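On the provided structure of chain A, position chain B as indicated by the hints.
Listed here are the chains, written in short residue letters.
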Amino acid sequence: MRPLPWIVAALMTGMGAAQAAGDAEAGKIKASTCMGCHGIPAYINAYPTYHVPRLGGQSAEYIVSALKGYRSGERKHPTMEAQAKSLSDQDMADIAAFIIQAPAAK
Amino acid sequence: MTFDLTMKHMMLGLATGLLLVSAARASEAPVTESTRTLEEKIAACAACHGPGGISENPMYPSLAGQYRDYLEVSLKAYKSGARTDPVMSGMAAPLSDHDIKAMAAYFAAQPGKLYTPTLE
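Line order of the protein sequences matches chains A and B. Take the first sequence: its letters are residues 1 to 106, numbered as in our numbering. Take the second sequence: its letters are residues 107 to 226, numbered as in our numbering.
The reader is advised that the hints may include incorrect statements.
Quick list of simulated restraints, FRET-style, between CB atoms [as the list claims (entries may be wrong)]:
id, chain 1, residue 1, chain 2, residue 2, range
1, A, Ile40, B, Ala188, 39 to 45 angstroms
2, A, Ala82, B, Thr141, 43 to 49 angstroms
3, B, Thr122, A, Glu74, 54 to 60 angstroms
4, B, Thr141, A, Tyr43, 38 to 44 angstroms
5, A, Lys85, B, Thr141, 43 to 49 angstroms
6, A, Ser32, B, Glu145, 38 to 44 angstroms
7, A, Ile44, B, Leu225, 16 to 22 angstroms
8, A, Asp89, B, Thr141, 43 to 49 angstroms
9, B, Ala211, A, Cys37, 20 to 26 angstroms
10, A, Ala21, B, Thr141, 44 to 50 angstroms
Straight-line C-alpha distance at most 30 angstroms; calculated DSBU-like pairs for lysine-lysine [claimed, not checked]:
id, chain 1, residue 1, chain 2, residue 2
11, B, Lys182, A, Lys68
12, B, Lys219, A, Lys28
13, B, Lys182, B, Lys219
14, A, Lys76, A, Lys28
15, B, Lys182, A, Lys85
16, A, Lys68, B, Lys185
17, B, Lys147, B, Lys182
18, B, Lys185, A, Lys85
19, B, Lys219, A, Lys76
20, A, Lys68, A, Lys85
21, A, Lys85, A, Lys28
22, A, Lys85, B, Lys219
23, B, Lys147, A, Lys76
Footprint (simulated), chain B over chain A, 3 or more residues, beta carbon under 8 angstroms [what the hints assert, rightly or not]:
id, segment
24, 26-32
25, 57-63
26, 72-85
I should point out that these hints are in silico values taken from the structure, not numbers from a laboratory. Since we're looking at a predicted model, the values are computed, not measured. Note that beta-carbon positions come from the ideal geometry of N, C-alpha and C, so glycine has one too.
Chain A extracted, bound-state conformation (with noise of 0.2 angstroms):
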């Protein structure tokens, strides 16, 4: 067989491996449930006692960044652990790329 299309496999291999690129789209759907609490502007939750934290404006390397240490446990937080485990490293490139564009809330 030709060499071309096992390196054309190869590279697409390859760049499977790297970051997974996010599509806004999918996220949208994949963050309704990020919306219920990060999408209500100053709110916080009945534990831990703090304010949820701004997403609008962070970058999607932050946002995958933070999910991927809250589904590791590096990072502490019941509902966010919860919520991260349920994630593939496709799903949080989504609500990542969702985030980044998404409108402000009023």
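Using the frame of chain A, we list chain B on its own:
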């Protein structure tokens, strides 16, 4: 009675002089962690979190306009070790509770680009 200036006298004089000079210099406060002002501590944050807490590097979050209590909880977590990060753990370690409260209040009050996103 004559006085002969010997090497012994000269060395004694030199030693006394050095002692007086070092005592004078020591009274000028050296810049240690305990003498860093709050402004200096805040200025250190800009290296990663950007001028005025508006980040110019996607790796580091913006702080300007973030909720004060969330910033406070984050700094306290880094300081206590509940949350770890190679850079932030070191940054938070020398901060007092007063510093943390003041720095969180400072950044929360800065004009920034953070906002609450919405689905619509």
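Here is what the structure says about each hint:
At about 26 angstroms, the beta-carbon gap between Ile40/A and Ala188/B misses the expected band of 39 to 45 angstroms. Restraint check, Ala82/A to Thr141/B: a C-beta distance of roughly 45 angstroms satisfies the suggested window 43 to 49 angstroms. Between Thr122/B and Glu74/A the beta carbons are some 59 angstroms apart, a value that agrees with the proposed interval 54 to 60 angstroms. The hinted range of 38 to 44 angstroms is satisfied by Thr141/B and Tyr43/A, whose Cβ atoms lie roughly 40 angstroms apart.
Checking the proposed 43 to 49 angstroms range against Lys85/A and Thr141/B shows it holds: the Cβ atoms sit about 45 angstroms from each other. Separated by about 43 angstroms at the C-beta atoms, Ser32/A and Glu145/B satisfy the suggested range of 38 to 44 angstroms. The hinted range of 16 to 22 angstroms is satisfied by Ile44/A and Leu225/B, whose Cβ atoms lie roughly 20 angstroms apart. The hinted window of 43 to 49 angstroms between Asp89/A and Thr141/B holds, with their beta carbons roughly 46 angstroms apart.
Between Ala211/B and Cys37/A the CB atoms are about 23 angstroms apart, so this pair conforms to the stated range of 20 to 26 angstroms. Ala21/A and Thr141/B have their C-beta atoms about 49 angstroms apart, which keeps the hinted 44 to 50 angstroms range intact. Our distance criterion of 30 angstroms between C-alpha atoms is met by Lys182/B and Lys68/A, whose separation comes to about 21 angstroms. With a C-alpha separation of about 21 angstroms, the suggested pair Lys219/B and Lys28/A falls inside the 30 angstroms cut-off, and the hint holds.
Of the pairs offered as hints, the one joining Lys182/B and Lys219/B holds, with about 24 angstroms between alpha carbons and a cut-off of 30 angstroms not exceeded. Between Lys76/A and Lys28/A, the direct Cα distance comes to roughly 25 angstroms. Compliance with the 30 angstroms bound is thereby established for this hinted pair. Distance check on the hinted pair: Lys182/B and Lys85/A sit about 25 angstroms apart at the alpha-carbon level, within 30 angstroms; holds. Restraint check: the Cα-Cα separation between Lys68/A and Lys185/B comes to about 21 angstroms, which is no more than 30 angstroms; the hinted pair holds.
Of the pairs offered as hints, the one joining Lys147/B and Lys182/B holds, with about 15 angstroms between alpha carbons and a cut-off of 30 angstroms not exceeded. Simply put, Lys185/B and Lys85/A have alpha-carbon atoms about 26 angstroms apart, close enough for the 30 angstroms limit, and the pair holds. Under the criterion of a C-alpha separation no larger than 30 angstroms, the hint pairing Lys219/B with Lys76/A is consistent with the structure, at around 26 angstroms. For the given pair, Lys68/A sits about 9 angstroms from Lys85/A by alpha-carbon distance, which is consistent with the 30 angstroms threshold.
Proposed proximity of Lys85/A and Lys28/A is supported: the alpha carbons are some 18 angstroms apart, at most 30 angstroms. Pair hint Lys85/A plus Lys219/B holds up; C-alpha atoms about 29 angstroms apart against a cutoff of 30 angstroms. Pair hint Lys147/B plus Lys76/A holds up; C-alpha atoms about 26 angstroms apart against a cutoff of 30 angstroms. Coverage of the segment 26-32 of chain A by chain B holds. Counting CB-CB distances below 8 angstroms, 3 residues qualify, and the rule asks for three or more.
Taking a C-beta to C-beta cut-off of 8 angstroms, the segment 57-63 of chain A contributes 6 residues in contact with chain B, enough for the three needed, and the coverage statement holds. Counting residues of the segment 72-85 of chain A whose beta carbon lies closer than 8 angstroms to any beta carbon of chain B gives 3, which reaches the threshold of three, so the coverage claim holds.
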